[in-house]
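A.B. asks: Residue numbers (full-length UniProt numbering), protein chains in the order written: chain F, 1 to 328; chain V, 1 to 503.
FYI, nobody ran anything at the bench for these hints, they're computed from the structure. It is possible that part of the hints are untrue.
[Stated by the list, open to error] Quick list of in silico lysine-lysine cross-link-like pairs, DSSO-like style, CA-CA up to 30 Å:
hint: 1; chain 1: V; residue 1: K12; chain 2: F; residue 2: K186
hint: 2; chain 1: F; residue 1: K21; chain 2: V; residue 2: K72
hint: 3; chain 1: V; residue 1: K470; chain 2: F; residue 2: K21
hint: 4; chain 1: V; residue 1: K69; chain 2: F; residue 2: K258
hint: 5; chain 1: F; residue 1: K27; chain 2: V; residue 2: K155
hint: 6; chain 1: F; residue 1: K90; chain 2: V; residue 2: K88
hint: 7; chain 1: V; residue 1: K72; chain 2: F; residue 2: K27
hint: 8; chain 1: V; residue 1: K72; chain 2: F; residue 2: K90
hint: 9; chain 1: V; residue 1: K12; chain 2: F; residue 2: K104
hint: 10; chain 1: F; residue 1: K258; chain 2: V; residue 2: K72
hint: 11; chain 1: V; residue 1: K288; chain 2: V; residue 2: K365
hint: 12; chain 1: V; residue 1: K88; chain 2: F; residue 2: K21
[Said to hold, decoys possible] Covered stretches of chain V, as calculated for chain F (at least 3 residues, CB under 8 Å):
hint: 13; stretch: 29-39
hint: 14; stretch: 102-111
hint: 15; stretch: 156-164
hint: 16; stretch: 178-191
hint: 17; stretch: 449-455
Fair warning: this is a prediction, and the values are worked out from it, not measured in the lab. Heads up, the beta-carbon is just placed ideally off N, CA and C, and yes, glycines get one too.
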Amino acid sequence: MSVEIKTAEITPIRQTYGHTKRRFGDKPATRYQEASFDIQPTTNFHYRPMFDEHHELYDTGYTALVMEDWYAFSDPRQFYYGAWVAARAKLQENTESSFAFFEKRGLGARLNDDVRRLLTRCLLPLRHAEMGANMNNVGIAANAYGTTLSQAHMYHGMDRLAVAQYLSRIGLLIDESPGALLAEAKTLWMEEAAWQGVRRYVEDSLVVEDWAELSLAQNLIFDGLLYPFLLESLDARLMEIDGGDIAILTDFMGDWFKDGSRFIDALFKTLAGESEANRVQLTRWVAHWRSRAVEALTPVAIDADIELDAALAVLDKRLAKLGLLETH
Amino acid sequence: MNAKTSKRLNMKERYRIMTRDLGWEPSYQRYEDIFPQEGFEGIKITDWDQWEDPFRLTMDNYWKFQAEKERKLYAIFDAVSQNNGQMKISDPRYLNAVKLFITAVTPLEYNAYKGYARVGRQFGGVGARIACQMQSIDELRHTQTQIHAMSHYNKYFGGMHDFPHMFDRVWYLSVPKSFFEDASTAGPFEFLTAISFSFEYVLTNLLFLPFMSGAAYNGDMNTVTFGFSAQSDEARHMTLGLEIIKFILEQHEDNVPIVQQWLDKWLWRGYRLLSIVGMMMDYMLPNKVMSWAEAWTMYYEEAGGALFKELERYGIRPPKYADQTVIGKDHVSHQAWFIFYQYGHATAFNTWVPTAQEMDWLSEKYPDTFDRLYRPRFELLAEKAARGERFYNDALPQLCQVCQIPLAITEPDDDTLLSHRDTVHDGERYHFCSDGCRDIFHHEPEKYVQAWLPVHQILQGNCGGADMEKVIGDYYRIEMGEDNLDFEGSAEQRRWAAWKQAV
Ligand SMILES: [Fe+2]
Ligand SMILES: [Fe+2]
Ligand SMILES: [Zn+2]
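Turn these sequences into a full structure, and let the hints guide you.
C.D. replies: This is the structure:
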């Protein structure tokens, strides 16, 4: 007897889940679609949160922005958990081999004191800012409405923990007595005048309640200024003082930032594109946080003898493209 | 090699640098404004540094391990879809357990994801925050891998197609929904006590093992594989559950009575929730794994007993009403299936009377109760069905205000009498299934008066009117004759027979 299945006669009775079909049509759906759209509970919540009686458990009112459909946002990277973790495992593998190369060649020992000093004063304190970014994004994941928005911020938040951990590893790797430079950098973060603007910005962001404003303050503005500053200006400065090897270790940050920016740009394009009211609100937030970010990072740049202008030009170009830059 | 790189830090110090050393004491904003939820439950934390990291995993390793697990998991899903793997299932009745899983459990995974994200932001201690964050993305993983695991089955079987819609509306799904929302709307410490400790540490074996072993015994490759793949995540979650409880108890003696009340509450709530698992094990699995009573004895009475013994040194006693769960273990699955059978027109899965052989198995597993109380009932129902008078109950039941299960469970000391408690609060009468649920209500009446009780809502016209057929079809999106009713004569049964011919 043949045990072969005559597949032609075993026909599906539907192509995908009902909610997926209603949104994308009656056809086989992608894994991103099935795992991301319309799966969050929407109604008949039993109890108000004991910590916030003004909201439902999942509530669109955690931001001042209004969307007709909160699932209008779709991650251009189509990250569901499996896709995210696969992409990050690849990033991790590359970074690991860069770190191994750096270590094997003993490049840490060859760094001159100026380079080590610049990294300690300018790069290593940022591991604390990355921890703030982690907290902000995880908090947004908890409050933002709908799975596409929530999960993208969650991945972004865990990415920031990873960045903080890689920065810590850099600190250990270039240190003659591992841990000392990180401790020095933490003292700068806590006490050095040049860093207080950044620390104040981060701590102030931690109490922002509107998740969209928070994502803007953190992911669009602060990172949008900080990363070009690190990746272009600091990098160039390091080259000047014979510290070009460090790029081997910080390379992953460039890849990561490029990838994350695709999400952030799509996010604010969707939010601003919804209505004039949203755009006006976002523009107001941009004006506020942009000048605060410039104010915060300027002393750090001065301390490192670097101009902030180039990085600011990158940010402004991006904001203009999103239509969020106020022109006077 | 130079001296610089040879100076290695030990693992613990390195992990400290990678995690809690990233935090700092804020000075531009107040601690209580940055972590506004940490204080309101009355839990006293004197020193977060005492937190012992339950597992030490940096993000790079997390990505590496998890990506490897995902790769293997999705390879199986692909193979099952390509080879009509659904036809390897033991008996089409088995799929009803899968329908119950995706409608009742998968949305809980999602709620867990959101809940751990909240707590993973709210705790002041970095170590605790990071452990919660990792659990949060794990729970998102579970949500999504379950959706993907069932995606193929959904193409061939009913009852799974609108799981998020149903979770928010269907009467029996308000049991898991209200359970989890109760935890999600509580403070961060109660959330962890409820989910990490009571549910994941104490009761998890009673939820996942039955489903995963049930899948293994019944040829469901996708469920077995995701269950297996989630196991190492769960191991981490369990260590977090134990750490949080010890940490809270060690921080301050004033925390002990608060935690005790939470343990009493969440064991009872978990026990009630698991009655649907008991029913699944005893009635829905064509190839049985073990009985619910056996599972409760092994995983709760024995394992849980030892655990609570261990917690005695903190001044913790075993949860209140634990003795009632032991009496109830011989009844609850039968009573639950009897409820679902009667309301089988309003369920997103098929129901049936157990076969003669299955009843014999039940007699053997429940020597004190099945033949005396439940066999006669099912035999009568079988006779009626054979005469073409399959019994459906059109009267709407009274629900418990807390657990939301119909008041059809018997008294602990008299198994011929239905258990019913009530109380008047603010001039309004509320009904309960048990002392356990009534106590929970009394402790926080302002919370439980808010409950969205499906029967009340139908009667108030909030579910699409008074016509039950409309409530079931339009409001619940249970497709009449496709998703519901008796398995005997169902569309599922007919299609399966036709497909088997094609094999
Ligand atoms: Fe889970
Ligand atoms: Fe879990
Ligand atoms: Zn109850």
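A.B. asks: Each hint: holds or not?
C.D. replies: Going through the hints against the structure:
The hinted pair formed by K12(V) and K186(F) meets the criterion: a straight-line CA distance of about 19 Å does not exceed 30 Å. With a C-alpha separation of about 28 Å, the suggested pair K21(F) and K72(V) falls inside the 30 Å cut-off, and the hint holds. For the proposed pair K470(V) and K21(F), the alpha carbon gap of about 22 Å is at most 30 Å, so the pair holds. Proximity of K69(V) to K258(F) is assessed by CA-CA distance (about 27 Å); at most 30 Å being required, the pair is judged to hold.
For the given pair, K27(F) sits about 11 Å from K155(V) by alpha-carbon distance, which is consistent with the 30 Å threshold. Of the pairs offered as hints, the one joining K90(F) and K88(V) is violated, with about 35 Å between alpha carbons and a cut-off of 30 Å exceeded. A hinted pair counts as satisfied when its Cα atoms are at most 30 Å apart, and K72(V) with K27(F) qualifies at roughly 26 Å. Proposed proximity of K72(V) and K90(F) is supported: the alpha carbons are some 16 Å apart, at most 30 Å.
Annotation: proposed proximity of K12(V) to K104(F) holds, straight-line Cα distance about 24 Å (limit 30 Å). Only pairs whose Cα atoms come within 30 Å are accepted, and K258(F) paired with K72(V) is accepted, the gap being roughly 29 Å. Using a Cα cut-off of 30 Å, the hinted pair K288(V) and K365(V) holds, with the two alpha carbons roughly 11 Å apart. Straight-line distance between C-alpha atoms of K88(V) and K21(F) comes to about 27 Å, which keeps the hinted pair within the 30 Å bound.
Under a criterion of three residues with beta carbons nearer than 8 Å to beta carbons of chain F, the stated coverage of the stretch 29-39 of chain V is upheld, 5 such residues being counted. Under a criterion of three residues with beta carbons nearer than 8 Å to beta carbons of chain F, the stated coverage of the stretch 102-111 of chain V is upheld, 3 such residues being counted. Three residues within the 8 Å Cβ limit are the bar, and the stretch 156-164 of chain V against chain F gives 8, so the coverage statement holds. With a threshold of 8 Å between beta carbons, the proposed coverage of the stretch 178-191 of chain V by chain F holds, since 7 of its residues qualify and at least three are required.
Restraint check on the stretch 449-455 of chain V versus chain F: 3 residues with Cβ-Cβ distances below 8 Å, three needed, restraint holds.
Hint compliance for this structure: hint 6 is the single one not met.
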